[in-house]
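Q: Sequence:
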Amino acid sequence: MRRPQRWWRGKSTPAKVETYTRWSFHFFGVIEFLVLGVPGFAQIGPRLAAGLSLLVAAHAALCMLVASRALDWTRGRSPQPVRLLWTLAGLTAVIAVGAIGLAERGPGGPDAEATAWGVFGGVLCFGAGMITLGVHNRRRVVSVVSGFAFGAGAVSFPLGRPGLESLMTACFVLLGGGFLAFTSVFSVWLLNAVYQLDEARETRARLAVAEERLRFGRDLHDVMGRNLAVIALKSELAVQLSRRGRPEAVEQMIEVQRIAQESQREVRDVVRGYREADLEAELAGARGVLGAAGIDCEVRGDPAGLPAEVQSALGWVVREATTNVLRHGDAGTCAVVVRLSEGRVVLTVENDGVPETAGTPAGAGASDGSGLAGLRERLAAVDGTLEAGPAGGGVFRLTAEVPLPLAAGAVLEVAS
1 MRRPQRWWRG KSTPAKVETY TRWSFHFFGV IEFLVLGVPG FAQIGPRLAA
51 GLSLLVAAHA ALCMLVASRA LDWTRGRSPQ PVRLLWTLAG LTAVIAVGAI
101 GLAERGPGGP DAEATAWGVF GGVLCFGAGM ITLGVHNRRR VVSVVSGFAF
151 GAGAVSFPLG RPGLESLMTA CFVLLGGGFL AFTSVFSVWL LNAVYQLDEA
201 RETRARLAVA EERLRFGRDL HDVMGRNLAV IALKSELAVQ LSRRGRPEAV
251 EQMIEVQRIA QESQREVRDV VRGYREADLE AELAGARGVL GAAGIDCEVR
301 GDPAGLPAEV QSALGWVVRE ATTNVLRHGD AGTCAVVVRL SEGRVVLTVE
351 NDGVPETAGT PAGAGASDGS GLAGLRERLA AVDGTLEAGP AGGGVFRLTA
401 EVPLPLAAGA VLEVAS
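When the letters of the sequence shown are read in order and numbered with this note's numbering, they come out as residues 1 to 416.
Simulated from the structure, these hints should not be mistaken for laboratory data.
Just so you know, not all the hints are guaranteed correct.
[Unchecked claim] Restraint ranges, calculated between C-beta atoms of paired labels, are given here:
(1) Glu-199 to Ala-281: 44 to 50 angstroms
(2) His-221 to Lys-16: 41 to 47 angstroms
(3) Ser-341 to Gly-392: 20 to 26 angstroms
(4) Ala-260 to Glu-199: 41 to 47 angstroms
(5) Arg-75 to Glu-165: 41 to 47 angstroms
These figures come from a predicted structure and were not determined experimentally.
Virtual Cβ for every residue (Gly too), placed ideally from N, Cα, C.
With the sequences and hints as input, model every part of the structure.
A: And the structure:
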């Protein structure tokens with residue numbers, strides 16, 4: 001029992017559904033033999049019953065083979081089994097004609113006649129149902145079932161069967177074959193749906209991995225962008241001071257070393273997924289970095305008391321905005337304002353010195369890059385919004401708004 005359990009547990013969910021579907025159709029073949037072939041031994045002579053049972057067994061085995069090959073074709077593993085389908089149709093017709101011959105020229109008696117006509121209708125039903133596995137078009141499925149039903153009525157009526165009985169035979173084949181055809185089509189649809197869902201799950205997993213990689217890339221960009229810009233700026237300043245023989249060059253290189261070490265620590269935090277930006281620290285860092293770059297930076301507002309998730313989201317906004325002020329345009333002043341307004345905290349970053357070309361500020365480079373896209377995603381997590389664009393007069397403005405759990409009305413201002 002352990003081997004079958006291991007074999008079953010080793011299969012994926014779609015493979016289990018496919019195995020169940022295949023064996024269900026194989027079980028239909030067993031049912032066909034038990035219902036149509038076995039009863040003949042009790043109702044007709046052993047020779048005729050043995051011959052009839054062999055024909056029914058051959059038909060059931062061919063139905064199993066057609067079902068297996070048709071499922072392989074459905075999954076795109078093999079070509080359409082056209083020859084097998086025609087072979088099954090031919091064998092079905094042969095057995096049906098043989099059953100009619102048995103009914104007309106057999107040993108006689110109501111039991112023998114009922115057995116013969118039961119085999120006649122049964123093989124037509126099972127044959128129609130299995131053949132529909134090999135076609136996908138609905139019209140063809142309907143045509144196959146209707147053709148078998150029409151053929152059953154058209155053959156039985158000329159043989160002297162009453163019109164009502166011929167009609168009932170056609171209806172029986174239509175209903176029986178239609179039921180098996182519906183079962184076949186539904187089983188194929190269900191199997192394909194399971195495989196598609198499994199593929200969608202794998203695709204979603206791959207997209208989640210890709211999204212996480214993009215998030216990680218944005219985090220590294222946010223962490224390293226500003227620090228590398230500061231390192232480059234201070235290194236250039238240290239070179240100039242060193243050439244002039246100024247002792248301040250050592251202090252600048254010490255600062256570069258400190259920033260590099262801090263960058264290493266922040267990168268480790270990003271890798272571990274524990275890093276959170278602090279708004280107050282980011283405001284102080286922006287003022288220091290922009291001041292070192294010769295940009296007059298004014299910071300107003302007190303972030304104390306804001307929720308941690310709000311501070312983290314706005315901290316990333318300050319970090320990205322500071323990086324873009326350093327990278328884009330030729331700003332001389334920059335203003336960062338944090339204020340509370342009607343239950344929302346509003347962060348505004350403005351800088352001047354942005355040249356305009358054909359009405360588009362060149363310094364707005366972040367609006368077209370991945371920086372603001374990442375910020376919008378972070379703000380969306382706290383129901384926040386972000387707007388960025390020219391404000392006229394060579395000013396570029398970035399505004400982030402985040403709702404607060406509790407409304408606050410006062411605006412606190414802190415001079416830089």
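Q: So, for every hint listed, does it hold in this structure?
A: Against the structure, the hints:
Between Glu-199 and Ala-281 the CB atoms are about 45 angstroms apart, so this pair conforms to the stated range of 44 to 50 angstroms. The given range of 41 to 47 angstroms is respected by His-221 and Lys-16, whose C-beta atoms sit roughly 44 angstroms from each other. Our hint of 20 to 26 angstroms for Ser-341 and Gly-392 holds, since their Cβ atoms are close to 22 angstroms apart. In this structure the hint that Ala-260 and Glu-199 lie 41 to 47 angstroms apart at CB holds, the actual value being about 46 angstroms.
A C-beta distance of roughly 42 angstroms is found between Arg-75 and Glu-165, which places it inside the suggested range of 41 to 47 angstroms.
Figure legend: structure checked against the earlier numbered hints; every hint is met.
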